[in-house]
Amino acid sequence: MSTLMFSAENLFGIGFILILTGFFIIFLTVLLSSFSSQKNGVKGGGVIFIGPIPIVFGSDAKTVKTLVYLMLILMVVIFFLLFTPILTFWR
Numbered sequence: 000m001s002t003l004m005f006s007a008e009n010l011f012g013i014g015f016i017l018i019l020t021g022f023f024i025i026f027l028t029v030l031l032s033s034f035s036s037q038k039n040g041v042k043g044g045g046v047i048f049i050g051p052i053p054i055v056f057g058s059d060a061k062t063v064k065t066l067v068y069l070m071l072i073l074m075v076v077i078f079f080l081l082f083t084p085i086l087t088f089w090r
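According to our numbering, the sequence shown is numbered sequentially starting from 0.
Honestly, the hints are just simulated from the structure, not real lab data.
Be aware that a few hints might be false.
[What the hints assert, rightly or not] Label pairs and their computed distance ranges (CB to CB):
no., residue 1, residue 2, range
1, F34, L81, 40 to 48 Å
2, T28, V63, 15 to 23 Å
3, F11, S35, 35 to 43 Å
4, G40, S6, 42 to 50 Å
The model shown is predicted, which means the values in this text are computed figures rather than measured ones.
C-beta: ideal position from N, C-alpha, C; glycine also.
Throw the hints in and build the complete structure from the sequences for me.
This is how it looks when you write it as C-alpha cells:
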C-alpha cells in the first residue's frame, strides 16, 4: 500500500489557488448583489468550535439550519483528515 505524498510547492500552489478563488467568488457576489433590484434584510449567523463542541447562532431559523449542515460537513472533513492513514504527513 503506497502513501500519498505532496510536495511543499504543490501545497502552496493549491492554497494560493483556493485563496484567489475565494476572493473571486466574494467579488462576484458583491458585484451581482449591487445590480439586484431586490432589497433583502440582513441575515447572519456563526459557528464557534470549542474543542469538539460546536455553538451555533443565527438571526433566523433558515440560517441556523444551513450553519448546522455546514458544521456537520466540516466535522466529517476534520475527522477524515485526522484519522485516515493516507494523510499521515499532515499530523
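Evaluation of the provided hints:
With their beta carbons about 43 Å apart, F34 and L81 fall inside the hinted range of 40 to 48 Å. For the pair T28 and V63, the supplied restraint of 15 to 23 Å holds, since their beta-carbon distance comes to about 21 Å. Between F11 and S35, the C-beta spacing of about 37 Å keeps the proposed range 35 to 43 Å intact. Taken as a hint, the range 42 to 50 Å holds for the pair G40 and S6, whose Cβ atoms sit roughly 47 Å apart.
In summary, this structure violates none of the numbered hints.
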